[in-house]
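Numbering-wise (this note's numbering), the sequence shown opens with residue 177 and increments by one.
Hints are computed from structural coordinates only; laboratory data are not their basis.
Please note that the accuracy of each hint is not assured.
Claimed, not checked - Listed next, with one range per pair, are the computed distances between beta-carbon atoms:
id: 1; residue 1: Ser254; residue 2: Ser331; range: 21 to 31 Å
id: 2; residue 1: Ala225; residue 2: Asp293; range: 13 to 23 Å
id: 3; residue 1: Ala198; residue 2: Val277; range: 39 to 49 Å
id: 4; residue 1: Arg268; residue 2: Val336; range: 21 to 31 Å
id: 5; residue 1: Leu320; residue 2: Val277; range: 17 to 27 Å
id: 6; residue 1: Leu320; residue 2: Leu236; range: 50 to 60 Å
id: 7; residue 1: Ile287; residue 2: Asp327; range: 20 to 30 Å
Glycine is no exception: its CB is placed at the ideal position from the N, C-alpha and C atoms.
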Amino acid sequence: VSIGDSIIHTGDTDTSLRFPSANTITLNTGNLERARVDSSGRLLVGHTATVDTSTYNSNLQVVGTDAHGSSAIFGRFSNDASASSLHLTKSRNGTTGSHTVVQDNDGIGNIFWWASDGSDYEEVARIGAEIDGTPGSGDTPGALTFHTTADGAASATERVRITSTGNIGIGTAD
């Protein structure tokens with residue numbers, strides 16, 4: 177079945193599913209675009225073009241001009257002590273959903289902070305998790321690393337490390 181460039185909700189003409197260009201879908205409410213899946217498969221919420229940090233052009237981008245539009249909530253509502261979670265995972269297998277053991281020094285996940293320098297985005301800080309030893313079945317030793325960018329520098333440098341043994345290094349590789 178072929179349709180025009182939009183599907184409009186009967187009785188609510190302010191709500192629509194649009195196809196504004198090749199391989200692009202938008203969701204609109206109140207006659208405003210609220211979300212877009214672009215031709216590269218990225219889900220853009222709050223904007224129509226990607227935010228490219230020169231290093232990362234993520235498949236999920238939430239952008240806004242206030243706290244509401246530029247944040248995401250992960251909520252848990254249960255009558256117990258459990259919390260909400262954000263899970264970052266890593267496998268050495270090249271097939272999605274498949275398992276191959278990670279190796280010593282493999283990065284597992286990072287949280288980045290970027291800021292505009294007037295022309296593009298530069299890394300300000302990062303927290304990372306990596307494998308810190310030889311992993312095996314039921315055994316994945318990990319370390320946390322904390323990085324900041326010095327005044328005049330173009331990228332973040334590791335400043336603090338918490339090793340798999342619980343040792344903490346501040347400003348030293350030891």
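Hints and how they fare:
no., hint, verdict
1, Ser254 to Ser331: 21 to 31 Å, "violated, 41 Å"
2, Ala225 to Asp293: 13 to 23 Å, "holds, 19 Å"
3, Ala198 to Val277: 39 to 49 Å, "holds, 42 Å"
4, Arg268 to Val336: 21 to 31 Å, "holds, 27 Å"
5, Leu320 to Val277: 17 to 27 Å, "holds, 21 Å"
6, Leu320 to Leu236: 50 to 60 Å, "violated, 24 Å"
7, Ile287 to Asp327: 20 to 30 Å, "holds, 22 Å"
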